[in-house]
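First to last, the sequence lines map onto chains A and B.
Number 31 in the working numbering belongs to position 45 of the first sequence; there are no gaps in the numbering.
Number 107 in the working numbering belongs to position 109 of the second sequence; there are no gaps in the numbering.
Rather than coming from a laboratory, the hints here were simulated on the basis of the structure.
Don't take every hint at face value.
If you only want the chain A side, here are some residues facing chain B, beta carbon under 10 Å, derived [what the hints assert, rightly or not]:
id, residue
1, L13
2, K27
3, F50
4, A73
5, G85
6, F89
7, S91
8, G92
Mimicking BS3-like on lysine-lysine, the simulated pairs with C-alpha atoms at most 30 Å apart in a straight line are [claimed, not checked]:
id, chain 1, residue 1, chain 2, residue 2
9, A, K5, A, K57
10, A, K27, A, K8
11, B, K24, B, K108
12, A, K30, B, K68
13, B, K67, A, K38
14, A, K38, B, K68
15, B, K108, B, K54
16, A, K26, B, K98
17, A, K26, A, K5
18, B, K68, A, K27
19, A, K8, B, K54
20, A, K(-5), B, K67
21, B, K24, B, K67
22, A, K5, A, K53
23, A, K5, A, K22
24, A, K53, A, K(-5)
25, A, K5, B, K98
26, A, K27, A, K53
27, B, K24, A, K22
28, A, K30, B, K108
29, A, K27, A, K5
30, A, K22, B, K67
31, B, K108, A, K26
32, B, K67, B, K98
33, B, K24, B, K98
34, A, K38, A, K5
35, A, K53, B, K67
36, A, K(-5), A, K30
37, A, K27, B, K98
38, A, K38, B, K108
39, B, K54, B, K68
40, A, K26, B, K67
Being a predicted model, the structure only gives us computed values, none of them experimental.
For glycine and all other residues, C-beta sits at the position ideal for the given N, C-alpha and C.
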Amino acid sequence: DTAVSQTPKYLVTQMGNDKSIKCEQNLGHDTMYWYKQDSKKFLKIMFSYNNKELIINETVPNRFSPKSPDKAHLNLHINSLELGDSAVYFCASSQVTGGGYTFGSGTRLTVV
Amino acid sequence: SQQGEEDPQALSIQEGENATMNCSYKTSINNLQWYRQNSGRGLVHLILIRSNEREKHSGRLRVTLDTSKKSSSLLITASRAADTASYFCATVILTGGGNKLTFGTGTQLKVEL
């Protein structure tokens, strides 16, 4: 019954590898997001999709490519991983009308 | 630049006491939200206050918003050990087709028995 689910929960990988994180929501929300939380717990928006369309792209390196096959799914693919990409990545969803966001439990990415 | 700054960064209180956290932001907003994050977990939405509201209550939570000062406060009354978590304010600015939720720096609350 998880509202926003992300997989995997933990991801440890070597520099230079390519990896994907998957996200699915069953709330019927129109908008989905990716946020990055750094080691100081600062949360920053990366991308926002509304009905499969990219709405917000916050100066994220081209190595990060979101993909939304349908409005219930938003995946994040990262190419050529770097040490600085280590962080917790959160998926979230909301209605367009501006209510609260529902967050997934996060994916802790560690690049070694 | 970051939208919200929270104060204090860390707060330690005894169970049963009240906890107050403050948030300041820089630009006009549509609404302001508060979230809780337990250690190693995702964020949980607590309460939303719109720009035309001044105060809102939800259970033991009381939120105020002063748009003239661009600030908000979250009061947790009769705190419990289970309230130990990080609390974030987040402002919403409506953009074309979507909402942009921008988070503050967070307050780490520790409630001791």
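Hints versus structure:
The beta carbon of A/L13 comes no nearer than 12 Å to any beta carbon in chain B, farther than 10 Å, and the hint placing it at the interface is violated. Taking 10 Å as the C-beta cut-off, the interface hint given for A/K27 holds, the closest approach to chain B being about 5 Å. Because the beta carbon of A/F50 sits about 17 Å from the nearest beta carbon in chain B, more than 10 Å, this interface hint is broken. For the restraint placing A/A73 at the interface with chain B, the shortest Cβ-Cβ distance is roughly 14 Å, beyond the 10 Å limit, so the hint is violated.
Against a cut-off of 10 Å between C-beta atoms, the interface hint on A/G85 holds, since the closest Cβ of chain B lies about 7 Å away. The interface hint given for A/F89 holds, since its Cβ lies 4 Å from the closest Cβ of chain B, which is under the 10 Å cut-off. Hint status for A/S91: holds, given a least beta-carbon distance of 4 Å to chain B, under 10 Å. Given hint, A/G92 at the interface with chain B, holds; its Cβ is 5 Å from that chain's nearest Cβ, closer than 10 Å.
Restraint check for A/K5 and A/K57: the C-alpha separation of about 22 Å stays at or below 30 Å, so the hint holds. Between A/K27 and A/K8 the CA atoms are separated by roughly 22 Å; this keeps the pair inside 30 Å, and the hint holds. About 28 Å separates the Cα atoms of B/K24 and B/K108, which keeps this hinted pair within 30 Å; it holds. Distance hint between A/K30 and B/K68 is fulfilled; the C-alpha atoms sit about 20 Å from each other, no more than 30 Å.
For the given pair, B/K67 sits about 37 Å from A/K38 by alpha-carbon distance, which is inconsistent with the 30 Å threshold. Of the supplied pair hints, the one linking A/K38 and B/K68 is violated, its CA atoms being roughly 34 Å apart against a limit of 30 Å. For the proposed pair B/K108 and B/K54, the alpha carbon gap of about 24 Å is at most 30 Å, so the pair holds. At most 30 Å may separate the alpha-carbon atoms for a hinted pair to count; A/K26 and B/K98 meet this at roughly 21 Å.
Note on A/K26 and A/K5: the hinted pairing holds, with a Cα-Cα distance of about 23 Å set against a maximum of 30 Å. Under the criterion of a C-alpha separation no larger than 30 Å, the hint pairing B/K68 with A/K27 is consistent with the structure, at around 23 Å. For the suggested pair A/K8 and B/K54, the alpha carbons sit about 36 Å apart, so the restraint of at most 30 Å is broken. For the suggested pair A/K(-5) and B/K67, the alpha carbons sit about 40 Å apart, so the restraint of at most 30 Å is broken.
Taking the CA atoms of B/K24 and B/K67, the gap is about 9 Å. The hint holds against a cut of 30 Å. With a C-alpha separation of about 13 Å, the suggested pair A/K5 and A/K53 falls inside the 30 Å cut-off, and the hint holds. The suggested pairing of A/K5 with A/K22 holds, with an alpha-carbon distance near 15 Å, which does not exceed 30 Å. With a CA separation close to 19 Å, the supplied pair A/K53 and A/K(-5) stays within the 30 Å bound.
About 26 Å separates the Cα atoms of A/K5 and B/K98, which keeps this hinted pair within 30 Å; it holds. Between A/K27 and A/K53, the direct Cα distance comes to roughly 25 Å. Compliance with the 30 Å bound is thereby established for this hinted pair. Among the hinted pairs, B/K24 with A/K22 is consistent with the structure: their alpha-carbon atoms are about 21 Å apart, no more than 30 Å. For the given pair, A/K30 sits about 24 Å from B/K108 by alpha-carbon distance, which is consistent with the 30 Å threshold.
Straight-line distance between C-alpha atoms of A/K27 and A/K5 comes to about 22 Å, which keeps the hinted pair within the 30 Å bound. As the CA atoms of A/K22 and B/K67 are separated by approximately 29 Å, the hinted pair is consistent with the 30 Å bound. Proximity of B/K108 to A/K26 is assessed by CA-CA distance (about 17 Å); at most 30 Å being required, the pair is judged to hold. Proximity of B/K67 to B/K98 is assessed by CA-CA distance (about 21 Å); at most 30 Å being required, the pair is judged to hold.
For the hint pairing B/K24 with B/K98, the CA-to-CA distance comes to about 14 Å; that is within 30 Å, so the pair holds. Of the supplied pair hints, the one linking A/K38 and A/K5 holds, its CA atoms being roughly 21 Å apart against a limit of 30 Å. The straight-line distance between the Cα atoms of A/K53 and B/K67 is roughly 40 Å, outside the 30 Å bound, and the hint therefore fails. For the hint pairing A/K(-5) with A/K30, the CA-to-CA distance comes to about 19 Å; that is within 30 Å, so the pair holds.
Straight-line distance between C-alpha atoms of A/K27 and B/K98 comes to about 18 Å, which keeps the hinted pair within the 30 Å bound. Among the hinted pairs, A/K38 with B/K108 is inconsistent with the structure: their alpha-carbon atoms are about 40 Å apart, more than 30 Å. Proposed proximity of B/K54 and B/K68 is supported: the alpha carbons are some 16 Å apart, at most 30 Å. Taking the CA atoms of A/K26 and B/K67, the gap is near 27 Å; set against the 30 Å cutoff, the hint holds.
In the structure shown, a violation is registered for the earlier hints numbered 1, 3, 4, 13, 14, 19, 20, 35, 38, in ascending order.
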